[in-house]
Amino acid sequence: MSFNLIYTDRANKDYFELEDNPSKKTVLKQVKKALEYLEINPRHPSLNTHKHTGMSNMLGKEVFEAYAQNNTPGAYRIFFYYSGKNKITVLAITPHP
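Quick note on numbering: the sequence shown equals residues 1 to 97 in my numbering.
No wet-lab data here; the hints were simulated from the structure. Fair warning: there could be bad hints in the mix.
Distance condition first, Cα-Cα at most 20 angstroms in a straight line; then the derived SDA-like pairs of lysine to any residue [said to hold, decoys possible]:
1) Lys85 / Lys13
2) Lys87 / Lys25
3) Lys33 / Glu62
4) Lys33 / Asn71
5) Lys85 / Tyr7
6) Lys32 / Thr89
7) Lys51 / Lys24
8) Lys24 / Glu36
9) Lys25 / His96
10) Lys85 / Ser2
11) Lys13 / Gly74
12) Lys33 / Leu59
13) Lys33 / Lys61
14) Lys51 / Lys13
15) Lys85 / Thr8
16) Lys85 / Gly54
17) Lys61 / Tyr7
18) Lys85 / Glu62
Because the structure is a prediction, the values reported are computed rather than measured.
Using the sequences and the hints given, assemble the complete structure.
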């Protein structure tokens, strides 16, 4: 099953900031790959997808966190929720604090 990704304004901003920063070329490549996996299979093992309780409680819906990077200081994460049949809304693409 394939999913249609919908990006919030925040997620678009995060993505384009990576795209506009030449020093983030490798990160952008990893984020693109993670988004491709998310589109095809949100439970792909390399994404290490899990529920993000803090954001879920804040937004009142189940929000999930997927890894774009792993074992890297400030590793990038993708936050999303299921927004309908075969639809995923990407909330943010941010480095892990």
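We went through each hint and held it up to the structure:
Between lysine 85 and lysine 13 the CA atoms are separated by roughly 25 angstroms; this puts the pair beyond 20 angstroms, and the hint is violated. Taking the CA atoms of lysine 87 and lysine 25, the gap is near 27 angstroms; set against the 20 angstroms cutoff, the hint is violated. Our distance criterion of 20 angstroms between C-alpha atoms is broken by lysine 33 and glutamate 62, whose separation comes to about 23 angstroms. With a CA separation close to 17 angstroms, the supplied pair lysine 33 and asparagine 71 stays within the 20 angstroms bound.
Distance restraint check for lysine 85 and tyrosine 7: the Cα-Cα separation of roughly 16 angstroms lies within the 20 angstroms cut-off, and the hinted pair is therefore satisfied. For the suggested pair lysine 32 and threonine 89, the alpha carbons sit about 15 angstroms apart, so the restraint of at most 20 angstroms is met. About 27 angstroms separates the Cα atoms of lysine 51 and lysine 24, which puts this hinted pair outside 20 angstroms; it is violated. For the proposed pair lysine 24 and glutamate 36, the alpha carbon gap of about 18 angstroms is at most 20 angstroms, so the pair holds.
A hinted pair counts as satisfied when its Cα atoms are at most 20 angstroms apart, and lysine 25 with histidine 96 qualifies at roughly 18 angstroms. For the proposed pair lysine 85 and serine 2, the alpha carbon gap of about 10 angstroms is at most 20 angstroms, so the pair holds. Restraint check for lysine 13 and glycine 74: the C-alpha separation of about 18 angstroms stays at or below 20 angstroms, so the hint holds. With a C-alpha separation of about 27 angstroms, the suggested pair lysine 33 and leucine 59 falls outside the 20 angstroms cut-off, and the hint is violated.
Straight-line distance between C-alpha atoms of lysine 33 and lysine 61 comes to about 26 angstroms, which puts the hinted pair past the 20 angstroms bound. Using a Cα cut-off of 20 angstroms, the hinted pair lysine 51 and lysine 13 is violated, with the two alpha carbons roughly 23 angstroms apart. A C-alpha spacing of about 18 angstroms is found between lysine 85 and threonine 8, which places the hinted pair at or below 20 angstroms, so the restraint holds. Annotation: proposed proximity of lysine 85 to glycine 54 is violated, straight-line Cα distance about 24 angstroms (limit 20 angstroms).
Distance check on the hinted pair: lysine 61 and tyrosine 7 sit about 16 angstroms apart at the alpha-carbon level, within 20 angstroms; holds. Straight-line distance between C-alpha atoms of lysine 85 and glutamate 62 comes to about 15 angstroms, which keeps the hinted pair within the 20 angstroms bound.
The structure fails hints 1, 2, 3, 7, 12, 13, 14, 16 (numbered hints given earlier, in ascending order).
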